[in-house]
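Visitor: Chains as they are written, first to last, in our numbering: chain A, 1 to 272; chain B, 1 to 308.
It is worth saying that the hints were derived from the structure and are not from the lab. As the structure is a computational prediction, the values presented were derived from the model and not from experiment. Just so you know, even glycine gets a beta-carbon here, dropped at the ideal spot from N, CA and C. Any given hint might turn out to be false.
As the list claims (entries may be wrong) - Far from chain A, by Cβ distances over 12 Å, these chain B residues were calculated:
(1) Gly56
(2) Asp145
(3) Gly162
(4) Ala191
(5) Ser227
(6) Ala260
(7) Leu277
(8) Ser280
(9) Thr288
Said to hold, decoys possible - Now the in silico label distances, taken between C-beta atoms and shown as ranges:
(10) B:Gln213 <-> A:Arg270: 23 to 33 Å
(11) A:Val47 <-> B:Ser188: 35 to 45 Å
(12) B:Gly56 <-> A:Ala192: 33 to 43 Å
(13) A:Gly214 <-> B:Thr15: 52 to 62 Å
Stated by the list, open to error - Heads up, incomplete: computed chain A residues facing chain B, CB under 8 Å, no partners named:
(14) Arg26
(15) Ala107
(16) Thr110
(17) Pro113
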Amino acid sequence: MTDTVTLDPHRNVPGVRRPGFAQTLRAEWIKFWSVRSTVWSIVALVVLGAGLTVLVCATSADDLADGSAGEAAGSFITWGMTIAQITAIVLGSLVVTSEYGTGMIRATLTATPHHGRVLAAKALVLTGTLFVVGTVTAVLGYLGGNWFLEREGIGLALGDEGVLRSLLGSGLYMAGIGLFAAAVGLLVRHTAAALAIVLALILVIGNMVVLLPGAWGEWATKLMPGNAGGVVATPVSFNPDLLDPWVGFGVFCAEVAAVLLVGYVVFRRRDA
Amino acid sequence: MIEARGLTKRYGDRTAVDGISFTVQPGRVTGFLGPNGAGKSTTMRMLLGLDRPTAGTVTVNGRSYADFPAPLRQVGALLEARALHPGRSARDHLRWMAASNGLPVRRVDEVLDMVGLTDVAGQRVGRFSLGMGQRLGIAVALLGDPPVVVLDEPVNGLDPEGIRWVRTLTRQLATEGRTVFLSSHLMSEMALTADHLVVIGRGRILADCSMSQFIADHAASYVRVASPQRGEVADLLRAQGLDVAVHGEELHVQGLDAAAVGELVGRNGLLLHELTLVRSSLEDAFMTLTAASVEYSAREQTPAGALR
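Using the sequences provided together with the hints, build the complete structure.
Guide: Take a look at the structure:
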């Protein structure tokens, strides 16, 4: 029975003969949107990001107007994004760690046995989505929050310094922080561990390094990823000692790229 | 055709796969048999490019898995551990896989129909029974209509009807001229499905032969003879140089088939009450062959204190 059986060469199903990056991207896009955690994370990002901005503007508009708050209105107009970044971190981490938690990574790599292509497609889907959702959320927060500020006569026009930059910057920062979480996820391959590391780094350690003595504390505070990257997302930073918006964002991108590169090297070498 | 040459995988000190070489030919079902922990899944993962061999190579139709531009069109695989996200529907799982290899969406519905999951295609796979999960895994393997099909423990968790379905399917795939490589730790299942066997134990190849050769080599057989003239029959057979053992009222004769024993006894005018060819099961043969290579085995229980 081993001789003369040949498979019909025309049996193959039609389709793209040599799939490339476009097909990998399409596959990752379908994967991304076909689990509930994506939808929930994005809903949470919009609700927290826009909702908290509106809330904080509504409750502090009068104090801001009479100067008793001692802060600029520009520090509040994208304030919700500092909380919304948690959902971007969750989403970014899950995009990678859920594959390891479920064994999906093996299906992914048998379908596309090119680690770099898989990672690039994942990163593009994640950052593209987070940039759009982050920017839209910031705009919604601006529109809602500014309504309350205008009632007190301290409204911010889109043309005012840093306003437009902070709205786009919110999208950029969400994309960057999500990718950072994904890169950490690639290194630790565990959802809870990845979340703990990134949240601690951004929300806890980022605010505590200022306690380091002298120039050490000053520079550590400037360079921590959340601090360096976050400035671009607000017209006026609460902390005046941080890096300039675009300089900070550049530092932040370099940090994300470095972690991602290490993650990629480990991803390539490791058995799935 | 699948070819492994000196394939080796070490994890630290432990050698999971120890320099194995074998060839899986198209047009027949090749069974990959071994006890748990023998190295079957590791070998399959190396075949699919998931694990890097420490040494040696494994190729499919002359190429490494990672070199195929659209691997799902070349090799269809059912992986042992469920490689699925429980929150995704069966249809979505197949959709992204099809998209990744540029396969048309129509093909997703075809394979869903083929494995009988059309009605539950929209359900999240986390709710699937083990059997439904296996069917989805087989749908994944068939998605690209590949010439090479690799199935790791395909009957795990299937009910008898499902087991028969897999058996028929694998036979059909081989008849169409495909290369079918099937792993199992169940000899009984292999006996019904495989034409050729590769037996592995502790990372080494113990046997690589056709099923009939395996049966002839490893499944011991003898002719059971009962006769009122037991002594005379035994003497007659021994005089022919046959190996005769007395077990109570029965004689166990080795070296001649039942018909020849019957004729010999009849020609000499002796009476026979029973004449039966007895074959030890394939399961027994497999157990004997792999006994030394079982990684974990239950010890016979010794009553406490019995040693002293």
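Visitor: Would you mind marking each hint as holding or not holding in the structure?
Guide: The hints, checked one at a time:
{"no.": "1", "hint": "Gly56", "result": "holds (15 Å)"}
{"no.": "2", "hint": "Asp145", "result": "violated (5 Å)"}
{"no.": "3", "hint": "Gly162", "result": "holds (21 Å)"}
{"no.": "4", "hint": "Ala191", "result": "holds (16 Å)"}
{"no.": "5", "hint": "Ser227", "result": "holds (41 Å)"}
{"no.": "6", "hint": "Ala260", "result": "holds (29 Å)"}
{"no.": "7", "hint": "Leu277", "result": "holds (25 Å)"}
{"no.": "8", "hint": "Ser280", "result": "holds (26 Å)"}
{"no.": "9", "hint": "Thr288", "result": "holds (27 Å)"}
{"no.": "10", "hint": "B:Gln213 <-> A:Arg270: 23 to 33 Å", "result": "violated (40 Å)"}
{"no.": "11", "hint": "A:Val47 <-> B:Ser188: 35 to 45 Å", "result": "violated (57 Å)"}
{"no.": "12", "hint": "B:Gly56 <-> A:Ala192: 33 to 43 Å", "result": "holds (38 Å)"}
{"no.": "13", "hint": "A:Gly214 <-> B:Thr15: 52 to 62 Å", "result": "holds (55 Å)"}
{"no.": "14", "hint": "Arg26", "result": "holds (4 Å)"}
{"no.": "15", "hint": "Ala107", "result": "holds (4 Å)"}
{"no.": "16", "hint": "Thr110", "result": "holds (5 Å)"}
{"no.": "17", "hint": "Pro113", "result": "holds (4 Å)"}
Hint violations for this structure: numbers 2, 10, 11, all remaining hints satisfied.
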